[in-house]
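Chains as they are written, first to last, in the numbering used here: chain A, 1 to 328; chain B, 1 to 211.
Think of the hints as simulated: they come from the structure by calculation, not from any bench.
Predicted model, so just to flag it, every value in this text is computed and none were measured.
Check the hints yourself; a few may be wrong.
Sample of chain B residues with no beta-carbon within 10 Å of chain A, all distances over it, derived [as the list claims (entries may be wrong)]:
| # | residue |
| --- | --- |
| 1 | Asn41 |
| 2 | Leu45 |
| 3 | Ser47 |
| 4 | Gln93 |
| 5 | Leu126 |
| 6 | Ala128 |
| 7 | Val138 |
| 8 | Arg140 |
| 9 | His152 |
| 10 | Arg169 |
To give a feel for the contact side, a few chain B residues facing chain A, derived at Cβ under 8 Å [to be verified]:
| # | residue |
| --- | --- |
| 11 | Asp56 |
| 12 | Asp57 |
| 13 | Tyr58 |
| 14 | Tyr59 |
| 15 | Val61 |
| 16 | Leu63 |
| 17 | Asp65 |
| 18 | Asp66 |
| 19 | Ala69 |
| 20 | Asn84 |
| 21 | Tyr147 |
| 22 | Val182 |
| 23 | Ala183 |
Ideal placement from N, C-alpha and C gives every residue a C-beta, glycine not left out.
Spelled out from the first residue to the last, the chains are:
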Amino acid sequence: MGAIALLSESHATALLPGERTTTELSRDGNHADTERAVDVWDQAAAWVWSKQREFHRALTRELRELRGKDSVGWVLVLMSFLYGVLHAAGPGHGKVVLTTYLLTHRSRLNRGIAMGTAAALLQGVTALLLVYGLIGFAGWLPRETETASLWVTRVSFSLLAIVGLYLLARAAATMAHSVRQLRHETGHVHHEHADHVHGAGCGCRHLPSVVEIDTVDSRHAVAGVVLAIGLRPCSGAVLVLILAAVMELTWHGAFAVMAMSVGTAITVVVLAIFATKARNWASVVVAHQSPLWTLAAGGVAAFGGTLLLLLGLWLLNASFALKPTVGL
Amino acid sequence: MSWSFTRHWRMAVLTIAMCFAPGTQAHPHHWIDVFTEWQFNPKGLISGVKLRWLFDDYYSVLLLDDTTATGKDLQVVLEKTLRNIGRHRYFLQIEQQGVKAEFGDAKHARIGVWDHRIEIEFSLALKAPFDPRQSDIVFRIAEPTYYFEMLHAEESPAIVLRDAPPACRYRLEPPKPDAALVAYAASLGINESGGDGLGIQFAETVTIRCE
Chain A
1 MGAIALLSES
11 HATALLPGER
21 TTTELSRDGN
31 HADTERAVDV
41 WDQAAAWVWS
51 KQREFHRALT
61 RELRELRGKD
71 SVGWVLVLMS
81 FLYGVLHAAG
91 PGHGKVVLTT
101 YLLTHRSRLN
111 RGIAMGTAAA
121 LLQGVTALLL
131 VYGLIGFAGW
141 LPRETETASL
151 WVTRVSFSLL
161 AIVGLYLLAR
171 AAATMAHSVR
181 QLRHETGHVH
191 HEHADHVHGA
201 GCGCRHLPSV
211 VEIDTVDSRH
221 AVAGVVLAIG
231 LRPCSGAVLV
241 LILAAVMELT
251 WHGAFAVMAM
261 SVGTAITVVV
271 LAIFATKARN
281 WASVVVAHQS
291 PLWTLAAGGV
301 AAFGGTLLLL
311 LGLWLLNASF
321 ALKPTVGL
Chain B
1 MSWSFTRHWR
11 MAVLTIAMCF
21 APGTQAHPHH
31 WIDVFTEWQF
41 NPKGLISGVK
51 LRWLFDDYYS
61 VLLLDDTTAT
71 GKDLQVVLEK
81 TLRNIGRHRY
91 FLQIEQQGVK
101 AEFGDAKHAR
111 IGVWDHRIEI
121 EFSLALKAPF
131 DPRQSDIVFR
141 IAEPTYYFEM
151 LHAEESPAIV
161 LRDAPPACRY
171 RLEPPKPDAA
181 LVAYAASLGI
191 NESGGDGLGI
201 QFAETVTIRC
211 E
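Using the sequences provided together with the hints, build the complete structure.
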């Protein structure tokens with residue numbers, strides 16, 4: 001509630017020190033004063049966040065030091081690359097989306113790798129186009145760019161929900177088909193097939209082959225997943241680019257963000273390989289090319305689609321609870 | 001047993017929620033580099049302190065945007081900020097043997113842009129000066145909600161003992177929040193607050209001693 005009150009009060013203004021303290025409700029009371037035991041979760045989370053914080057500061061410092069100098073800024077590029085690797089190792093929406101898809105849908109290994117790479121690089125490109133396009137060419141203020149970034153994020157969440165729905169519908173169709181086949185084979189509702197001739201264009205596929213992985217349908221889904229991830233610019237990249245634009249370090253910022261994307265791609269690809277392998281291994285263990293198996297695989301795919309749909313809707317909803325600014 | 005279970009469960013939920021936090025922003029969101037200059041009077045007592053806050057580059061960009069967009073003067077920002085922080089003892093805790101220092105309103109306040117960063121400066125006079133020869137004077141500075149992280153600047157001198165007797169020294173201890181607290185702060189979204197007691201647990205402790 002506090003957030004909403006704040007929204008109406010101080011729309012599009014930077015929060016000043018001490019402004020928040022009396023207006024904002026605490027999330028869970030005086031957590032800060034309660035006794036806590038430290039566990040592995042905390043240790044890991046604390047480590048990742050403190051590293052990210054250090055990186056944010058270091059990137060800012062590097063940019064500041066590059067200003068007015070005639071230097072390539074390799075330190076900045078290297079640092080951005082490492083930030084990309086580390087940032088991707090932490091929790092994030094892109095990784096959840098990609099692994100959910102790869103775990104619940106059969107894919108070839110090289111497709112998983114391509115998806116991870118494309119999504120990570122697209123994130124960098126989105127950030128570049130968004131920030132430089134709006135500030136450099138359209139003359140927007142950095143804050144407006146942040147707002148635009150939030151809207152692009154919302155588009156990506158909507159797309160995610162649509163992809164989820166699409167996958168769900170596709171899985172449902174496959175399952176319905178398998179059920180019909182199962183009934184057909186077990187003969188419980190057997191009937192004469194005088195009019196049922198298996199041939200081209202009949203639409204009956206008893207055995208889903210590997211070829212099915214490459215159907216037009218699945219290419220749409222793959223493109224949708226990649227876009228849903230890649231359209232959402234990484235907050236670190238937006239931050240670096242806005243600073244670079246303001247400090248007139250356009251090229252340095254662009255190189256830094258590309259290095260960041262390459263770093264992210266490496267981590268994401270490793271994750272994609274694991275997910276694809278795990279999924280394929282599971283398929284091999286239980287693989288019978290039977291309608292029952294197809295039904296089960298359809299169930300898993302439907303589950304994946306549902307997860308992505310819900311995730312998309314939830315993120316979309318949560319993004320509207322945010323103020324239209326990221327940096328505040 | 002069940003306590004430990006719920007705890008792990010809660011942390012798991014928190015961590016998952018963290019994964020999806022839109023904007024993946026966590027506390028602190030911005031930082032302020034702090035410079036403190038301690039004013040000693042001729043009797044060797046601490047009579048006041050001059051503070052200089054240097055905001056991070058990104059916050060400065062946003063704030064300067066705001067002033068441009070709304071046509072507001074930076075002076076308005078300064079007045080508003082001082083009014084806000086004045087209600088919180090200027091985010092400053094000064095103690096000697098458990099006695100908290102009281103100070104009046106900020107004086108000689110100034111706002112400006114230094115190396116593209118917003119800086120504000122103001123002086124506080126202690127209502128009753130402290131004698132650092134009697135016992136240690138300990139001070140900490142923190143924005144209560146930890147939305148801003150406030151640490152003494154890395155570039156020296158971030159702490160100055162102005163006109164201090166030669167025997168006076170200061171010692172700065174970095175904050176030592178436990179991992180659970182860091183994780184908790186990190187899990188707080190941009191519009192969430194962990195309460196007014198959070199920031200102080202991430203504060204540096206500075207001790208001034210005259211022997």
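Against the structure, the hints come out as follows:
1. Asn41: Asn41 (chain B) is indeed farther than 10 Å from all Cβ atoms of chain A, at 29 Å.
2. Leu45: The claim holds: Leu45 (chain B) sits with its nearest Cβ about 29 Å from chain A, beyond 10 Å.
3. Ser47: With a cut-off of 10 Å, Ser47 (chain B) remains clear of chain A, as the shortest Cβ separation is near 25 Å.
4. Gln93: holds, 15 Å
5. Leu126: holds, 21 Å
6. Ala128: For Ala128 (chain B), whose nearest Cβ neighbour in chain A is about 25 Å away, the distance exceeds 10 Å, so it holds.
7. Val138: Holds, since 20 Å exceeds 10 Å.
8. Arg140: Given a closest Cβ separation of 14 Å, the condition holds.
9. His152: Nearest chain A Cβ is 14 Å from His152 (chain B), so the label holds.
10. Arg169: Answer for Arg169 (chain B): holds, closest chain A Cβ roughly 28 Å.
11. Asp56: holds, 7 Å
12. Asp57: holds, 5 Å
13. Tyr58: OK, holds: Tyr58 (chain B) within 8 Å of chain A, min 6 Å.
14. Tyr59: holds, 7 Å
15. Val61: Constraint on Val61 (chain B) satisfied, holds at 5 Å.
16. Leu63: Given a least distance of 4 Å, the restraint on Leu63 (chain B) holds.
17. Asp65: holds, 5 Å
18. Asp66: holds, 5 Å
19. Ala69: Where the cut-off is 8 Å and the nearest Cβ of chain A is about 6 Å from Ala69 (chain B), the hint holds.
20. Asn84: Constraint on Asn84 (chain B) satisfied, holds at 3 Å.
21. Tyr147: Holds: closest Cβ of chain A sits about 6 Å from Tyr147 (chain B), inside 8 Å.
22. Val182: holds, 4 Å
23. Ala183: Nearest chain A Cβ about 4 Å off; hint holds.
Figure legend: structure checked against the earlier numbered hints; every hint is met.
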